[in-house]
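**Student:** Spelled out, the chains give:
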Amino acid sequence: MSALTFPSEIEQALCGLDSTSRRAFLKASGALVITTSFGTIPGANLLAAEPAAAPGPYPDPDFLQLDTWIVIHPDNTATFFVGKTDGGQGTGTAFRQMMCDELDIAYDQSRLVMGSTDITPDQGGSGGSDGVERDGQTMRRVAAEARRVLLEMASSHLGVPVEMLAVANGIVSLKSDPAKRVTYAELIGGKRFDVSLTGQNVDTATGKAPVKPVNELRIVGQSLPRYDIPPKVDGSLKWAVDMKLPGMVHARNVRPPFAGAAVERIDESSVRDIPGFLRVIHHGNYVAVICEREEQAIRAAKQLKVEWKRPATAPFPSSNELFDYMRRVTPTSTSQPQIQGDPEAAFASAKQVIEAEYEVPFQGHTAIGPAHALADPSDGQMTIYSNDMKSYGMRTGIAKFLGIPREKVRVVYMDGPQVYGRTAADDAGFEAAFLAKEMGRPVRLQWTREEETAWDTKGPPYVFKLRGGLDEHGKLVALEYDACALDYNHVGYNEPDTVLIAQLMGIRRDRPTPGSAAAPSVMYAIPNRRTTTRVVALPMIWETPLRTGNLRDPNGPQVTFAFESFIDELAAAAKADPVQFRFDMIERANEDRVFRKARSLAVVRAAAKAYGWEPRPAPRQRVSTSRDEILTGRGIAYTYRNNTIVAVIAEVEVNRKTGKVWTKRLVCAHDCGLAINPEGLRHTVECGMLHALSRALWEEVQFDTEKVTSVDWVSHPTLRHSDTPESIEVVLVNGDPNPNRPDLPAYGAGETSHKPVIAAVANAIYDATGVRIRRVPFRPERVLAALNAAMT
Amino acid sequence: MSIVRLRVNGSTHELDVDPSTPLLYVLRNDLDLHGPRFGCGVGQCSVCTVIIDGTAVRSCITPVSAVRGEITTLEGLAKDGKLHPLQQAWIEEQAVQCGYCQNGQIMTAKALLDRNPNPSDEEIRAAMDGALCRCMTYYRVQQAIKRAIRATAAKGEGQ
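Chains as they are written, first to last, in my numbering: chain F, 65 to 856; chain Y, 178 to 336.
These are computed hints drawn from the structure, not numbers from a lab. Do not rely on the hints blindly, as some may be mistaken.
[As the list claims (entries may be wrong)] Derived contacts from chain F toward chain Y, CB cut-off under 10 Å, selection only:
id, residue
1, 434
2, 783
3, 788
[Unchecked claim] When the alpha-carbon atoms are kept at most 30 Å apart in a straight line, the in silico DSSO-like pairs for lysine-lysine are as follows:
id, chain 1, residue 1, chain 2, residue 2
4, F, 724, Y, 323
5, F, 539, F, 529
6, F, 308, Y, 256
7, F, 308, Y, 259
8, F, 673, F, 661
9, F, 639, F, 673
10, F, 501, F, 369
11, F, 673, Y, 323
12, F, 639, F, 721
13, F, 373, F, 501
14, F, 308, F, 501
15, F, 728, Y, 323
16, F, 639, F, 661
17, F, 771, F, 529
18, F, 276, F, 255
[Claimed, not checked] FRET-style restraints, in silico, Cβ to Cβ:
id, chain 1, residue 1, chain 2, residue 2, range
19, F, 310, Y, 190, 19 to 27 Å
20, Y, 190, F, 334, 30 to 38 Å
21, Y, 299, F, 844, 15 to 23 Å
22, F, 691, Y, 299, 20 to 28 Å
23, F, 535, Y, 327, 54 to 62 Å
24, Y, 327, F, 287, 15 to 23 Å
Note that the Cβ used here is the ideal one computed from N, Cα and C, for glycine as well.
Using the sequences provided together with the hints, build the complete structure.
**Tutor:** Listed below in structure tokens is the structure:
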């Protein structure tokens, strides 16, 4: 295989060292291979580096060594190495901003390497929107420590105490005489820090230096443009899907045509005459074809004749029968009822009691780019080039799956299509590694559209039953919440005994993950409450395309749809304004340690103000009495996710003749504490809302009793340009109104705005028409049927 | 296999491939042009879009033997080291999340503006409707298209 190669700028930066010490340095410092895209470095071209073959083994980078995190180059630039990945929300840019600020180096003097297991410390990759909130804090601490060490070195170099020094843009100077100065590069460029950190784990790793107080941050808080966007729009970025290696061959999977199907016979002669055909590889019910060229593999996968045997019983009910099945079947687990106050007595004395049931189907990730990976078994090691958001977990999982030492496996993280939890359980990486081991050659695999849409992991379907009691003043005094999720054997992560190839090979863990059904996240004071949750399973839990996994805030959109729809129903029953009804319940709540009450009030108030909300009860009109063809309405929903708080107002137009819903306007008030990059945050909030709008209006996995039938963009529709709102407004409420947050924390923001949108749209449809849609998605035929029913 | 001659981004290539091979795989795997990407293989998402003689074409369902005329890929939009106004507008609007689909967004928009330099909002939405994005960047993509239209118009007035 080829020798080590480096991007020219790194090569240049390290030219002060001879080759032996450079290699030792790089290996020790973690800069062995640079594999990701770089931002604009003065004088350097944008480039996407060639991932290089570095002979293993690949020991874990030591997170307690400063050199693992930061390298200062002789040109006075810095490279940061972090154990995170960026699914397109701009977290890479945010990490650079945070580290530059603490190191006191300009943003343009920095670059960032993410998520490659042999050269970046294991911070777990991405998930749970905690990159900035948790992992970013470790990054800040290590960068602050590097600054401290550099200042001490400068103190010796310049012969003055540290207190007399100032530092900016990687240049340390005397406060009294700025002409007396020394650069970071002159102090350490191309050399190791050799400074140990302390900490029990990577999340607590720290040096001796404190991080800066928020009011001293200069780069954090700026809306710097994302460094990864230019190479993404000019076509120069090399993505995981673009990786090629000498001797590489192409694979495609051949999936069972129905769930639980068993291979009876494979007729290899059916594909042997395809030019470039190399092999059919199968193990249990996992089948793949290998060809020299990609289009040959695609053809072979279609053409391969496999006889499959159906399972003895139907693996699942059809999607039309799903909710009946969920209500009927015995749960795999039932939570202890959570009871506050005396709900029974409160219901007995309530003036009005209302009940409603809500349904959310399976919804898929259906990534725009089907799953893919390239695995290289050269030199007795295994390297996987992947966009896996949890590359570290994939490395461990693949090592176990293949039965090879972890030190011989590395995952090189590269950009890829959106992840949102899908690549936390990255089936394609395991498959490519298995096939590469079998072939003894690099194997590139990509799933087909049909395979991705049918077989990806899916958000769990839910059935909810809610019951609420209002007193004579229209105040909510009693609430029962019952949620049932079909989530047993949830496949959340890169586990060697749950990824799809393992299932198809017949590997079974003794105890499937129990799954969960969630309760809502709101700050409402409801004195008497009863909360129950249940999890149910399909008849077949292995080797099925109906696998639940983590889909962007895995339970939040479903739960918030039901709960915030029901709150709206209660407000309507109380003839109260929906904003005021919520506001009053938050006001009656107790404050908590992250000021969720005050912040929730501020967020709800800000959303209403930005929208121009005039108080009145819903609905605005009823379809049965209005003569308008286009019915307009507005709806609000509020929630929080962990420490981030959000309220969304949707304005919709409902076409009474077609049932088509157009969300004309979305307003979001959002508080995630300190915004590292406000414009980047706004865009992520916008897209999170539109992703949920797609789930609200279009998305549903459909299936008969043995296979998924919604398999492409016709049978599985998604939001399109023509559905896009005319106006989206994002109001960042951050920081207000809590004087008791001296060091404003930065909370996760990747998922919160995704959570309340389905409910906001449902509430707006009700306001527009007087018709309540309690089943997701709100496709035209469903809405039209409900409107017509209301006319009779 | 047979010899296929392609003109791509101003260069001519002769390749020995099966003539039924979809253009996408020839561009990506033989010519190392990674702008067009695989999204669906059935012409439904636009991720693989290239422009052939002014028309946006889905390269995943276009046999290489059927191609006549000059192919432009995302890599061919910049001229003399200067980004196309659409690419520039995309950067200024920061219109990208993951970016996997953006080839389809930009190339579809380019074909639109080449035939209609001043489309209405409705025309933009209609023309772009087949360009799917699962990060849902549609709002900023539409803003970026409008920004590019304004930039091009301002430049035209300045000349």
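**Student:** All hints are to be evaluated individually against the structure, with a verdict given for each.
**Tutor:** Hint check:
1. 434: 7 Å, holds
2. 783: 6 Å, holds
3. 788: 4 Å, holds
4. F/724 to Y/323: Between residue 724 of chain F and residue 323 of chain Y the Cα gap is close to 26 Å, so the pair holds against 30 Å.
5. F/539 to F/529: 20 Å, holds
6. F/308 to Y/256: 27 Å, holds
7. F/308 to Y/259: Within the cut-off at roughly 28 Å; holds.
8. F/673 to F/661: 18 Å, holds
9. F/639 to F/673: 21 Å, holds
10. F/501 to F/369: 24 Å, holds
11. F/673 to Y/323: Cα-Cα ~28 Å, so holds.
12. F/639 to F/721: 28 Å, holds
13. F/373 to F/501: 28 Å, holds
14. F/308 to F/501: 17 Å, holds
15. F/728 to Y/323: Holds: residue 728 of chain F and residue 323 of chain Y sit about 18 Å apart, inside 30 Å.
16. F/639 to F/661: Holds: residue 639 of chain F and residue 661 of chain F sit about 24 Å apart, inside 30 Å.
17. F/771 to F/529: Distance ~29 Å between residue 771 of chain F and residue 529 of chain F Cα, so the pair holds.
18. F/276 to F/255: 26 Å, holds
19. F/310 to Y/190: 19 to 27 Å: Holds: the Cβ-Cβ distance is about 21 Å, inside 19 to 27 Å.
20. Y/190 to F/334: 30 to 38 Å: 33 Å, holds
21. Y/299 to F/844: 15 to 23 Å: 19 Å, holds
22. F/691 to Y/299: 20 to 28 Å: Since the Cβ atoms of residue 691 of chain F and residue 299 of chain Y sit about 26 Å apart, the hinted range of 20 to 28 Å holds.
23. F/535 to Y/327: 54 to 62 Å: 57 Å, holds
24. Y/327 to F/287: 15 to 23 Å: 21 Å, holds
The structure agrees with every numbered hint stated previously.
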